[in-house]
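Asks: Listed below are the residues making up each chain.
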Amino acid sequence: MDNDDQQFREFEHTGDLGIELNAPTRAELFRRAALALAAILVDRHNIKPAAQRDLTVEADNDTDLMHDLLTALLGLFTIENFIWCDAAATEAGNGLRLIVKGESFDSTRHWLNREVKAVTYHQLSVTESAYGWHARIIFDV
Amino acid sequence: MELIKIHDYLWEIPKHGAMLVPGRIYANAHMIDELRDDPSLEQVANVACLPGIVGYSLAMPDIHWGYGFPIGGVAAMDAELGVISPGGVGYDINCGVRLIRTNLQFEEISPCIGNLADALFEAIPAGVGSQGAIPNLSVEELRRLVTLGANWALQNGYADPEDLEHTEEGGCLPNAEPERVSEVAYKRGSKQLGTLGSGNHFLELSRVDAIYAATAAKSLGLDLGQVTVLIHSGSRGLGHQTCDDYLRMVGGAMAKYEITLSDRQLAAVPISSPEGQAYLGAMAAAANFAWCNRQVMMRLTQRAFLQTLRMSASDLGFSLIYDVCHNIAKFEEHVVDGRRRRVCVHRKGATRAFGPGHPALPGAWRDLGQPVLIPGDMGRYSFVLLGRDTAMRETFGSSCHGAGRVMSRTKAMREARGRDLRAELAQLGVTVLAQSRGGIAEEMPAAYKDVADVVEVMEAAGITQKVARLKPFAVIKG
Chain A
1 MDNDDQQFRE FEHTGDLGIE LNAPTRAELF RRAALALAAI LVDRHNIKPA AQRDLTVEAD
61 NDTDLMHDLL TALLGLFTIE NFIWCDAAAT EAGNGLRLIV KGESFDSTRH WLNREVKAVT
121 YHQLSVTESA YGWHARIIFD V
Chain F
1 MELIKIHDYL WEIPKHGAML VPGRIYANAH MIDELRDDPS LEQVANVACL PGIVGYSLAM
61 PDIHWGYGFP IGGVAAMDAE LGVISPGGVG YDINCGVRLI RTNLQFEEIS PCIGNLADAL
121 FEAIPAGVGS QGAIPNLSVE ELRRLVTLGA NWALQNGYAD PEDLEHTEEG GCLPNAEPER
181 VSEVAYKRGS KQLGTLGSGN HFLELSRVDA IYAATAAKSL GLDLGQVTVL IHSGSRGLGH
241 QTCDDYLRMV GGAMAKYEIT LSDRQLAAVP ISSPEGQAYL GAMAAAANFA WCNRQVMMRL
301 TQRAFLQTLR MSASDLGFSL IYDVCHNIAK FEEHVVDGRR RRVCVHRKGA TRAFGPGHPA
361 LPGAWRDLGQ PVLIPGDMGR YSFVLLGRDT AMRETFGSSC HGAGRVMSRT KAMREARGRD
421 LRAELAQLGV TVLAQSRGGI AEEMPAAYKD VADVVEVMEA AGITQKVARL KPFAVIKG
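As they're listed, the protein sequences go chains A and F. For the first sequence, my numbering gives the first residue as 1, with consecutive numbering after it. For the second sequence, my numbering gives the first residue as 1, with consecutive numbering after it.
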């Protein structure tokens, strides 16, 4: 499934949900991954950018960084009940700073697509090539 | 992948490469044809490379592509020399199913199905953006809960003593170590007790529409036309986070033990290592949360029945037949190569299926064999089986756990476009209420194998015996 406005592509995985993303820069790849997770969780169109959260995540490599960033965002949704519709990413040393804008999930206004249990390590990859940056992520749903 | 036919329902992947034991897959000829190019067979072979694995790397007929282990995978590791793999249990630690019987006949309540489904939808929240039926629990209370398991529900008015007797392990693994569970995991679980979750989790009202073993069905309290309840859920965010925490820790420790594996999601450390012991303590805690969660949902369901149908508890006759887990690692004794050995059995999408007489079974069902609960998809049926002696000899006392997906979630969503699946299911006599978009579309009946085929393979291979079939008439999805 192509999600032009969300800039990710779902690929076939029998049990879970896999996505692929491309971006011209590393920071943009992580920003798009953050928005992809929001779109997987909730229909983003009704979310208002009423509040923001500021995350800085560091890791030894980009694959772990992708896992840890998305896991932190998943915590934002499951623990704080916060869902986002916009994101800005900036490089922060080996890590990344991400500011997400959104609001509290409200089941009377927001449509839950599905729950995500975890960001798996299975076939998780973040790579750079001559064409830009690419990520492959499988979520346990 | 080379496959050798052992008999009509069993196929072997010969040992090759780094495999320490052969792989064995329970499937019929049609299923195995479908599987030949599936990544799940590669996963069976990868599991066979884990240090300390004994017997075979097994897969049940509901096998499908997972992450690390295949879904439907069973692997027993030597308790002293083997490894423990958090990915071999999965994110949803102690995901499982419980079956409840009632005194009701379907015809009696058919005029009230809509009201009953609405009441259950209200009583059993999905857990996302909704308050659980239980007020938020403090970390201190959660630590008590994960130590006590279903006993917490008993102490807090959500269980009767006989419920615990009819729950695998009595609803509590005694080796839980609450301090091994992270603060983040506790936060994720704090408002999720008594919630279903989404994905393939459900609460299903069914009627018994076929009996295959009359004496066994009678012993279990099942009769034709009777209303039953199936609850499928797990350890929620507390378990998901626990798995994630330990995948990271175990993955980082593997080099210390000179373990190298083809898939990071298979990360494993020696059972006896500090990391292995820490995971087992945390896993037991998460498993105990899951048993308590299903127990609380059972009591909430009972209350919804009583309020909607305005009847007494004795007239309703709501009682637990059995609760099984299908994502777990447990220490058990099995005969391997002619010798009794203590092993750690990983069941990832596989159900324990102990045969008759096993001391771990509750007294009432001990002579029958363990009740094995196999949910199908929401449009067809589910099955009640009993474990047989062959399971003890061949599969470390294990069976399948469900229908097994054949269609990706992405494809299911595509297939569902423009269709009114709720209306289609209503045509089949099934009322479905779901709290998420994916709750119906991704879980549409066509996304799954026919569970009858899966169960037939287990029966033909002598692993389980069919007792009854349950036909759903109302389904609550997360």
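No wet-lab data here; the hints were simulated from the structure. You may find that some hints are simply not true.
Examples of chain F residues toward chain A, derived with CB under 10 Å [unchecked claim]:
#, residue
1, D92
2, Q435
3, G438
The beta-carbon is built from N, C-alpha and C at its ideal position, and this holds for glycine as well.
Asks: Hint by hint, work out which the structure violates, then give me just those numbers in ascending order.
Replies: Structure breaks no hint.
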